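K.L.:
What follows is the residue order along each chain.
There are 2 protein chains.
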Amino acid sequence: MKMQIGAFLARRLAESGVRHIFGVPGDFNLPLLEQIEAHPLLEFTGNCNELNAAYAADGYARTAGISALVTTYGVGDLSAINGIAGAYAENVPVVHITGAPPLHAMNSRALLHHTLADGAYGNVNRCMAEFTVAQARITPANALFEIDRVLNECWLERRPVHLQIPSDVTHLLIDTPKKALVLSEFCSDPEQLEYARKKIVDLLRSATSTTLLIDAEVGRFGVADLVFRLAEKWGIPYAVLGPAKAILPETSSLFSGIYVGAASSPGTRALVEEADCLVGIGLRFTDTSSGLFSQHIDIERLIHLRRHDLDIGREPVPGVALREILRGILDAFTPGGQRQSHANASGVVPVDNHPDATDEHLTQTALWARVQCFLKPGDIVIGEAGTSHSGLSEIRFPSGADYIAQPIWGSIGYSLPALLGSMLAAPSRRHVLFIGDGSFQLTAQELSTILRCDLRPIIFLINNDGYTIERLILGKNSRYNDVNAWRYSELPYVLDQYNRSISHVVSTCLELEDVLQHLSCIDKLLFIEVRLARMDAPEALKSFSANFAEFDYGRRGPRDE
Amino acid sequence: MKMQIGAFLARRLAESGVRHIFGVPGDFNLPLLEQIEAHPLLEFTGNCNELNAAYAADGYARTAGISALVTTYGVGDLSAINGIAGAYAENVPVVHITGAPPLHAMNSRALLHHTLADGAYGNVNRCMAEFTVAQARITPANALFEIDRVLNECWLERRPVHLQIPSDVTHLLIDTPKKALVLSEFCSDPEQLEYARKKIVDLLRSATSTTLLIDAEVGRFGVADLVFRLAEKWGIPYAVLGPAKAILPETSSLFSGIYVGAASSPGTRALVEEADCLVGIGLRFTDTSSGLFSQHIDIERLIHLRRHDLDIGREPVPGVALREILRGILDAFTPGGQRQSHANASGVVPVDNHPDATDEHLTQTALWARVQCFLKPGDIVIGEAGTSHSGLSEIRFPSGADYIAQPIWGSIGYSLPALLGSMLAAPSRRHVLFIGDGSFQLTAQELSTILRCDLRPIIFLINNDGYTIERLILGKNSRYNDVNAWRYSELPYVLDQYNRSISHVVSTCLELEDVLQHLSCIDKLLFIEVRLARMDAPEALKSFSANFAEFDYGRRGPRDE
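Chains as they are written, first to last, in this note's numbering: chain B, 127 to 687; chain L, 127 to 687.
Isolated chain B, as found in the complex (with noise of 0.2 Å):
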């Protein structure tokens, strides 16, 4: 079947599951956007800039499964650049496309705008493929290939992948298969699978306690269902890493709360530290998800689960699908294996009413227990680094309610876009937005394309007057850390001529009480800023700040008096 190439790469996407795509015109992606948007199944959605378009990517890709974003050749690429290395470190699934200068202009080496002028064409890719997987080219003569396999790339490793598609190319024809693109999962060697399966289950039924370790893999690929049966029917309790929160359900009692090291709860942390067996799945200890390496486990004890592999205590058995080697082991349970038992140890200490409200200065701990209460099963909740991500991590989500953050890569304003982006793949459901005033700042543009899209999120813009993470760990009173104050309330009426927003300003219980109650007579954007003071923050980044500055700046480094 004869297709155009940039036809064929929409034909692809769309049969990957996307179905809305992100991005910024510019001249070189022009006549792939055509495309795009002649395609009967995808809608293109263009952001104010693109770091803000590989955001709401990863968003989307968070709760639709794979997204994509196109941008223009040097200067959108390398203004989505941070927005895809976040996606490479947090395993998110996204088709970066870029629309590059004509074919014949880069095999000539001709001087074009959006590059050095220097006739390199190279410099642009050198630098996506540090991020991404697998990148490529595209050209008449290979298109046909390199497009599958970089999706099949993408999807194997859940993690970014950069296509280049020369302008003057888009249109030309080529031979395409009619058979759809199906984006499989590796299958693991049988022997390796079985091997591991048996050793795996005879160690979990001598064990006489074992617990569960997740860490983020375990929903990027796809079977958080899969280890909550396994945990239910073998009993086993679990706790989670950071970046896994929420991922798991929290209110099952075999949930054992977030493990932070020697920052974790003296139950979690016994759970995990003394079990007999731990089964760990894609962990990444790192500096925020381990207390700074406080993490104790002992790898003899340890059967630590990924993606496409698996190590037995030391002993390593490559080829074996995460996928598999859970369902195996959840299919070998008998009723006369071990079912222990064990106390909660979450250490979250569950909130079923809300505090009476007050008119006295909200803080942050206030705010929280009030948050855990106003949470609803099948919520989609977001939140900023800071005290947003803080705030969220110590509190219980209720369950079926879904997490977004950015905690391994970190980037500031990720969570407005990527908001954008999760609730163009999920509109039914409700989205719930925390983020703070020095975030909110760096991409606070994009919430005029969730306004032009006419979502309704609710949006808590926690204004502390600046980067409060930043001061409780240095300059607490020094000016790089100031913001400067904007009318935040007023800022969706004016990014938006159609009225699609209401805004309100909460300092007290009450005044937030208020706005929280009548919730359900509301059709539009609610944007809720929320005053706190300056220094307030939750317990845990409050400590966790000053270990910090001494990891960061070692002993000659500066401190706050």
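Hints listed in this document are in silico derivations from the structure and should not be mistaken for laboratory results. In this text the structure is predicted, and so the values were computed from the model without any measurement. Please note that a few of the clues may not be correct.
The list makes no distinction among identical chains, and a pair is therefore deemed to hold if it is satisfied within one copy or across any two copies.
[Claimed, not checked] In silico SDA-like cross-links for lysine to any residue, where the CA-CA straight-line distance does not exceed 25 Å:
1. Lys324 - Gly439
2. Lys128 - Val631
3. Lys650 - Ser615
4. Lys668 - Gly526
5. Lys305 - Ala267
6. Lys650 - Tyr619
7. Lys650 - His630
8. Lys650 - Val620
9. Lys650 - Thr460
10. Lys128 - His165
11. Lys128 - Arg682
12. Lys602 - Gln623
13. Lys502 - Cys403
14. Lys324 - Ile423
15. Lys650 - Glu665
16. Lys325 - Glu426
Position chain L relative to chain B; hints supplied.
P.N.:
Using the frame of chain B, we list chain L on its own:
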């Protein structure tokens, strides 16, 4: 003299002429920011995000000579990289400093936030190296010589450099010299210089007609005065390539217009292409500056001077500094030397009286005619890519007015943060920005920093309802070229709580006139939203667009009906 490494870096920046440092705080750079704030000559200006910081640094360097910005590792660097690449393409000396993770963590390949959590610490550096002329990771052992080396390279090439300063070494002491850093220019090989000077002077003396053709390098390497004096003394008419707009006086009778290959005015074209001897300086014939490579330059008759070498016809002469050869030629003039007469061939029609204002809707033609009368000697005019840059290119600037644009790299959104930078470099000069609505949305929040610094530019927001420059190329009515309609004129009020701005919306010539007549009584930032028709554009842009579609998309590519 023992000094802390970060304090030494701050001192070297101050000695280089830097006074304002841009950037965004992050945990890894806070110690350095403390040292910057402690330096009596340096002021840190926090930006809303890192790309804006890079653009601001670019604008600052264009007006002040050199600039610096500080970001945080990974997230900050990669957010800024597009602005750094632009500075490379456009020959702007920007020192990009990143607060990196502590050296101990990089050495031990620790899994930190702001990294891919894989222990790799080379990926960001490799990206930065693609778009900078020197790079270093500062350690206590190399700080003394690496800081000076990198700053010298920045100045020598007038291009960005990258310094990584780990967060745990900033406050360690090293021995430093008392002597201030002097950023020096390259000095010629004397014999080569004399050889070239004699040969060029002979050619100039024997030529029956000579024309000067300059590019942006004349401005960036600070030889504009020298070139102008040379042109005046020898009586040589000068034409400029687009990126050199306003570098030489446009009011002189020697000014012969902008050369754009076949798209030049006939007079300009003849002067350049038919000169017996053409002296070019730093010429880069890019797609946009050459009318899609339609220049006709006879290499045999070209003397091509560049920053550090030159060609006489086909003979390369390395080791000759631009400033020295210019001075040599200037000094060689004798009254008996050639002094040619010539007609004004600029093709730009000087308008001395502005057209009578009417209540008709404003057009691009009327707007730019009016702007030409509005500009004053000494203004710094900033033109965003699109109709603004195109319109400004077609009018003649008053003497001493400077022009800032990004014609090679062409990253939309550049001009607003660049305005911030340039204005901090020269706060007493009137700054006038022209920016379209589409571009404005990319970096709009930086208006906040301009207001926070209490700067008072005049900003013309050209609202033509989306990406007009793209619509002219492809997708006239396509949705991807739309942007959301903001209440632009209300944005300055919302992004600052101290009422440091005044806004107007104008749609007719009369309304514009009314605003411009009352400028003198305004001591605030003035924001003028100018409403123009969607498909209205300067004539040059219209004709150029069709040619671009041809070049970019080829014969099989799409075209609008």
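K.L.:
Checked against the structure, which of the hints given earlier come out wrong?
P.N.:
2, 4, 9, 13 and 15
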